[in-house]
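Colleague: Produce the complete structure using the sequences and hints provided.
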Amino acid sequence: MIWEVTRIALRGLRANKLRSALTTLGIIIGVSAVILLTALGNGIQAGFNEQFGSLNTQITVTPTEGAVPGGGQARDLTENDMEALLNPRDAPDVATVTPIVGGAALLQVGGDQYRTSVTGTTADYLSITDRELTAGRAFDEQEVRTNAKVVVLGPNPVNELFGGNPTAALNQEIRIGSAVFRVIGTVEATGQQDDVAIMPVGAARSYLTGGDDELDTIIVRARSAEAVTPAADQITAILSERHNIRDTAKRDFDVQALQQQIQEATQFLSFLTLFTAAVAGISLIVGSIGVANIMLVTVTERTREIGIRKAIGARPRVILLQFMLESIFLSGMGGLIGIALGVGLSLTGAAILPQLIPDFPAPAVDPSSIVLAFTISLIIGLIAGGYPAHRASRLRPIEALRYQ
Amino acid sequence: MSTAYPHPRSLVGTIGVVEGTAALRGGIMIELDGVTKVYGNGEVQVRALGPVDLLIEEGDLVAIMGPSGSGKSTMMNILGCLDVPSGGRYTLDGVDVSKLRDNKLAAIRNTRIGFVFQSFNLISRTSAVRNVELPLIYAGDKSRRRERALAALERVGLGERAGHMPNELSGGQQQRVAVARALVTNPAIILADEPTGNLDTTSTVEVMRLLVELNDAGRTVVLITHEPEVAEFAKRVIELRDGQIVRDVRQKQLVAS
Ligand SMILES: Nc1ncnc2c1ncn2[C@@H]1O[C@H](COP(=O)(O)OP(=O)(O)OP(=O)(O)O)[C@@H](O)[C@H]1O
Ligand SMILES: [Mg+2]
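Protein sequences, first through last, are from chains H and L.
If you're matching positions, the first sequence starts at 2 in the numbering used here and goes up one per residue.
If you're matching positions, the second sequence starts at 210 in the numbering used here and goes up one per residue.
In short, the hints are calculated from the structure, not lab data.
Some hints here could point you the wrong way.
Said to hold, decoys possible - Facing chain H, from chain L, some residues (calculated, C-beta under 7 Å):
no. : residue
1   : 318
2   : 332
3   : 366
Stated by the list, open to error - Restraint ranges, calculated between C-beta atoms of paired labels, are given here:
no. : chain 1 : residue 1 : chain 2 : residue 2 : range
4   : L       : 247       : H       : 3         : 37 to 43 Å
5   : H       : 11        : L       : 376       : 19 to 25 Å
6   : L       : 349       : H       : 395       : 18 to 24 Å
7   : L       : 351       : H       : 11        : 15 to 21 Å
To be verified - Counterexamples of contact, computed for chain H against chain L with all Cβ distances above 10 Å:
no. : residue
8   : 5
9   : 6
10  : 46
11  : 61
12  : 66
13  : 115
14  : 117
15  : 125
16  : 195
17  : 214
18  : 308
19  : 346
20  : 399
Idealized CB from N, CA, C, for every residue including glycine.
Modeller: Below, the structure written as structure tokens:
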């Protein structure tokens with residue numbers, strides 16, 4: 002009998018095509034909005050993780066500028082300090098260390114010149130700071146050891162001196178300060194530190210910044226996100242020991258991890274995703290109120306029909322089933338179409354958005370949002386149809402027949 | 210006697226005896242025992258019916274008459290298990306119906322009773338044959354359903370109109386579809402509340418002819434009418450007034466002239 006009642010229910014919906022379509026539309030919009038908005042939120046979160054995730058294990062050590070509070074002159078950070086951080090016994094949670102010396106210099110090619118900042122560092126600098134090459138290569142350890150006069154240019158100097166063409170810059174001789182360097186690579190723009198020339202730390206010292214073994218910054222990588230806090234403690238202990246500091250207030254260096262800020266930002270983003278999902282959820286609720294409304298009207302309007310069906314022997318259960326099915330079809334169809342639309346829009350967005358807006362994170366559909374949205378739409382159908390259907394099924398046939 | 214209506218028997222011919230109907234056994238089909246119906250609660254109570262005692266034999270053809278508001282429909286709805294009495298006992302074919310619950314009542318309406326309404330009460334936007342099929346669907350009866358529905362339509366002379374929607378049929382045709390729907394489950398009783406009330410003379414004759422033939426085939430038929438001409442087809446006439454039976458006569462059925 003279920004099959005026949007199903008057909009009766011479907012005929013009931015077809016008899017009111019426009020109304021059924023409009024009702025379904027509410028669910029379609031609600032479900033697709035839930036899927037699309039969570040996909041956008043997910044995409045933004047994933048993009049954030051990709052871009053800033055590497056900072057999660059990063060610790061920067063810098064010397065305190067000028068006088069130490071309550072103490073004498075601050076001591077510099079040195080190559081030896083850095084080497085000490087690599088001692089596996091004292092600092093088991095430190096994975097890598099990278100030195101940075103900074104300065105500024107005039108770059109000259111032919112008659113053109115441009116002033117930029119210089120970063121002297123080691124071979125793993127680019128991978129640690131997540132900078133992509135746009136042409137050429139990074140310098141290797143051999144070149145770092147030999148203080149080779151090679152340079153990797155940031156986008157600003159490439160723009161100013163080579164018309165923005167990275168390949169034109171490759172292998173060009175370029176005068177930096179008083180020495181001539183060879184351009185071996187160029188890096189992408191990141192919006193930060195685009196105005197830069199990156200070279201082996203020894204070369205920077207020898208030809209530009211001077212000094213013996215002072216470092217402006219040490220970038221430390223912890224072994225894992227969990228190791229950041231112990232690693233920072235180990236660094237602090239080692240440097241305090243080396244700089245003879247017993248009073249924490251008198252430290253002449255700063256140890257800073259970005260982890261907490263990153264995690265706060267990640268949490269903030271997930272709140273944002275939750276918020277957008279809630280907004281979408283509201284539209285789903287509005288859609289379901291539409292279904293409830295229509296089912297109430299439908300049942301009321303068809304009270305006489307219910308009376309006829311009962312008069313010729315339909316049991317209460319059969320009446321209940323018919324209207325429940327109508328309502329579940331409405332919301333289920335809406336749910337399915339909404340899923341197709343939501344997933345379709347998300348995929349289209351993933352294909353198109355990053356091309357239109359560079360760096361726009363591609364929406365990533367969350368399968369659980371599909372399951373959730375569809376389940377909700379079915380539950381809506383059950384509740385929205387259930388109440389009026391139950392009422393209708395309880396009516397005495399004569400009451401239903403007399404209904405005007 | 211009016212001669213406006215030709216005797217139904219003179220019209221018999223296309224309609225055969227309905228299968229499976231037992232010959233008149235002379236048993237009691239309907240028994241009302243002090244049945245009352247009171248509408249409203251609290252201060253304004255209207256006693257629409259009774260107390261009424263009534264026996265209707267199997268195979269009888271009864272016409273119920275009486276002025277408007279005399280309780281005819283009220284009684285008919287109770288007989289058809291569409292409504293429950295406020296008091297008294299209703300026994301249908303040996304079963305005390307007043308004690309049954311919704312599901313059992315639905316089953317009785319489905320298989321034992323065929324109901325024909327003054328306003329046809331077909332389901333709109335549903336073809337004639339689907340309307341006729343419905344009681345079989347609700348009975349969970351799968352065997353040759355479409356075939357039986359079509360046969361019932363043939364019996365009322367509407368075989369050709371099986372695919373028509375109710376709004377594509379005349380009033381008389383709609384009422385014949387309703388009669389087909391009432392007889393498709395082969396019920397023992399046909400109840401009809403002013404079945405010809407909305408019909409012209411020709412359609413009235415057609416519908417009455419069907420009811421008389423169903424009665425000839427062994428079914429108990431009870432109908433309400435305001436028209437003396439229609440009542441002439443009955444074997445027994447009961448008259449109600451203010452919810453009471455005031456006249457109950459057996460009459461000779463209209464005989465062919
Ligand atoms: N649902 C109801 N609520 C209250 N009173 C009702 C209800 N149905 C019927 N009545 C009253 O019961 C009485 C009998 O009504 P009923 O419908 O049985 O009359 P009837 O004999 O069928 O009249 P008619 O020939 O006009 O159809 C009337 O006084 C009517 O007003
Ligand atoms: Mg009436």
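Colleague: All the hints need checking, so say for each whether the structure fits it.
Modeller: For each hint, the structure was consulted:
no. : hint                        : in the structure
1   : 318                         : holds, 5 Å
2   : 332                         : holds, 6 Å
3   : 366                         : violated, 21 Å
4   : L:247 <-> H:3: 37 to 43 Å   : holds, 40 Å
5   : H:11 <-> L:376: 19 to 25 Å  : holds, 20 Å
6   : L:349 <-> H:395: 18 to 24 Å : holds, 21 Å
7   : L:351 <-> H:11: 15 to 21 Å  : holds, 19 Å
8   : 5                           : violated, 5 Å
9   : 6                           : violated, 8 Å
10  : 46                          : holds, 51 Å
11  : 61                          : holds, 75 Å
12  : 66                          : holds, 86 Å
13  : 115                         : holds, 81 Å
14  : 117                         : holds, 80 Å
15  : 125                         : holds, 76 Å
16  : 195                         : holds, 70 Å
17  : 214                         : holds, 93 Å
18  : 308                         : violated, 8 Å
19  : 346                         : holds, 36 Å
20  : 399                         : violated, 4 Å
In this structure, the hints that do not hold are numbers 3, 8, 9, 18 and 20, in rising order.
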